[in-house]
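> Residue numbers (our numbering), protein chains in the order written: chain A, 1 to 206; chain B, 1 to 465; chain C, 1 to 249.
What the hints contain is simulated information worked out from the structure, not anything from laboratory work. None of the values given here were measured: they were computed from a predicted structure.
For lysine-lysine, the following BS3-like pairs were computed, each having C-alpha atoms within a straight-line distance of at most 25 Å:
(1) B/Lys31 / B/Lys379
(2) B/Lys396 / C/Lys187
(3) C/Lys61 / B/Lys408
(4) B/Lys186 / A/Lys50
(5) B/Lys5 / C/Lys187
(6) C/Lys187 / B/Lys425
(7) B/Lys396 / C/Lys61
(8) C/Lys187 / B/Lys408
(9) C/Lys187 / B/Lys440
(10) C/Lys187 / B/Lys443
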Amino acid sequence: MSARDDILAALARLGALSAAPNTALAAPPVPAIAVKSGDSAYARFTAMVKESLAELVEAADAKAAMAEIAARAPRNTPIAVSPHPNAASLDWTGAGIEARIGASRDLPAGVSMADAAIAETGSLLFFSGANSPVLAHFLPDIHFALVKRSTILPGLNDALALARARAMPSTVNFITGPSRSGDIEQTLELGAHGPRQLVVIVLMDR
Amino acid sequence: MSAHKNPRQFPANTREALANAPLQKTLERIKLGFQLFRMAAMQELPELESLRTALAAAKDRALAHLPHYLEQFEKNVIANGGQVHWARSASEAIAIVSRIAREAGVKRIVKSKSMLTEEIGLNAPLIRDGFEVVETDLGEYIIQLRDEPPSHIIAPAFHLSRADVTQSFRTAHTHLDPKRDIDDRKSLVREARQVLREKFLAADLGITGANALIAETGTVCLVTNEGNADLSMTHPRVHVAIAGIEKILPAMDDLALQLRLLGRSASGQRMTVYTSLRSGPRKVGDADGPEAFHVVLVDNGRSQLMRAETREVLRCIRCAACLNHCPVYASVGGHAYGVTYPGPIGAAFQPAISGIAATHHLPSASSFCGRCESVCPAKIPLTRIMRHWREEGFGKGVAETPNANALKLFAFAARHPRLFRATMKLARPFWHLPFGPMAKWRKHRNAPPAPAVLFVARVQQRRKP
Amino acid sequence: MIVSLAQGKRVGLMATCMIDALSPQTGEAVLRLVEQCGFTVDVPPQQTCCGQPNWNGGDRKGAAALARRTIEIFEPFDYVIVPSGSCGGQLRIEYPAIFANDAQWAERAAAFAHKCFELTSFLVNVAGAAMKPCGSGKIAMHDSCSALRQMAATAEPRKLLREAGYEPLDNPSAETCCGFGGLFAIKYGDVSARMGRDKLDALAATGATTVTACDLGCLIHLKGIAEREGRNLSFRHIAELLAPPEQTS
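Chain A extracted, bound-state conformation (with noise of 0.2 Å):
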């Protein structure tokens, strides 16, 4: 008998069924917090991404986005920008930064785009793909992640079904706020591992 026939047969034993359910259970309750809409939304977006540490800009257009990661960005050294579309294609030079696509373990500011973010808990949501590398979300010391506001999701359950919808890219991931650990004498320090400083710019495009 293989592992995995062990393994079902020890616990069909004990009583656990290898038939899916018949009935589904209730759904689960979804709190308050996870089902505003509209400017009860986004305020509450924007209070969650502060509390969260993390810097909140709003932007009126690309331009306006770019502009603002000239001025937070290191001088001197060019920015990691994500083959992302709406990132790639923008006009970083006149802007006055160097952009290099693609993620990079050695750029300390890099630049990606979220598809999508959450009210609830002032989450941003990205999907991995051919032009969005999961590593420019990390390798970054301070990293600037464009939004949309016609993106923000009242919830966990909102972006877990967007995500369900779009058959499950192969890694998924909610960041809320920069890298962080209290690891030592319980004390928050940012930057282990991950970006020390996140900058949430919001496409205000509604």
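Given the coordinates of chain A, assemble chains B and C onto it according to the supplied hints.
Chains B and C alone, transformed into the frame defined by chain A:
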């Protein structure tokens, strides 16, 4: 003094821990930290009770149909391009991981935090098999340098001070300037980031645990605050996720529910910084991601816990709320227990892994205050399960025989009122002896006066017609 | 003063083996208190112990035997008063659990459980009794874990204490166990004592010098440590604070 203690010597371990002043100082952070953080986080969830009830129901449903969901999960992982392996025991799991590494030509392994890998003792055999294994969770990295076991389920280095970490880094990072200043947390974290970043980028294999396995999509969910799981599982060309069979959740809506309770119960966070879903190796055309993805499903005593008396313990989502609210844990810390899982969840779970003979102190060393179950997000009836283990121990005679015999005698006497009262009166001459239960009582406190006039008998006397 | 819920009903007192052996004055106070509220209380002489030490110690057989015995003795009553959250919990919560899979006793244990009340819970929720003023001053209220979690009896003792003229004081460590835990206090005495000391610190910080609780076990444990350390605290079971003084006839 070895940090690896023996659970059979729990009483002696507690005395050592209570006398350890630096440890006692760090344990103060439980009340001032974890307990307050959780309470603050629950303020914005007036729905807390209904969420807990729903999570318990979702987990029970998953367990009741576990073979079905395991098969569904496996089918979906394979459809996504991943591989699934099954391990009955710790040694089988270790052999599987070692084989995967060997067949993939791996030399360097990075690991994110996984209590299951602690439970099965994965690192030492892999190192013996010739692989470099580096823990990347900061707390786990620190204790790996010190060759200590974790003392807490989510905060492995909880028992250490900043000075301990400085000393460990100086000793281990010999390639760095010995005159550098790392006497503060910021510099230590910066140094760890620098050292471990190189490891992430040089590794061939990343091993992670899993907080949940989602059956409907064949997805592994990982949560960290550091991002080390993501760095471990994205850059190396192979990703192995190893998880207990009980981590199954049927669907994404169940995951949303679990995530809402997990971070808040653990450390008072709405979400951990990084919550990541891995559903297969890189797809054709993906910009990055591992070429190969393996899930190792581990039993190691879990299937036996499916019996009615203990099944609910498999609902555990490893948040550590029970530890954080346990007055026994708060007094002695995690190492005193001498096992992988300390505190109330350990008392309920560890006997299934290590046997009740070795671990009988764990379920016994509880006053049954019930605080653990009042904060458990999955409403696990922890004290009921601990009582079940006490029954197992009693039946197998593993607890100290004098206590078991005393209980049997007590029950016998209590079935015969006159004998019972006579025994209580007879206790008088034994009340002040330097051995026996009253002496044990008196070690720490004064005793009440020995029984003299018994209340029920006096009333009976008084009311005689 | 009795409300009709319990008027004319047969009330039995389960003294608890600890009160029986170690604090008969508490038992007498319970009697005086309940009688003052207009009840005639029987104290069945065959009672011994509810069996909690055996149940908690893993001795299912012994616990079940003592449970059956206790049910048989007290079943004839309409209400069973228990001056202890933990023994009350054993009767109300654990007896049905002991016999959950016992065709013969499951229903009987469940029916019995419904009649059993911790003392303050009975006085407030069943008898609707109001206390006569009989005391004054600050009292540090210690909620035993069983009163807090099993019997949900935290409002009742405070209500009665206030009516009787006392000022019950809360402490921020109310949810943390005092460390008694029955046999735990003997088997794991070092941890138990440490928990007791922490609890005494919290109780003393209220400024009160008298501590009360619904459970004698907690009080004996805390008193034992307080005396050993020379703390200026006294410990009284809640019945002793609420009961009218003994008649000296």
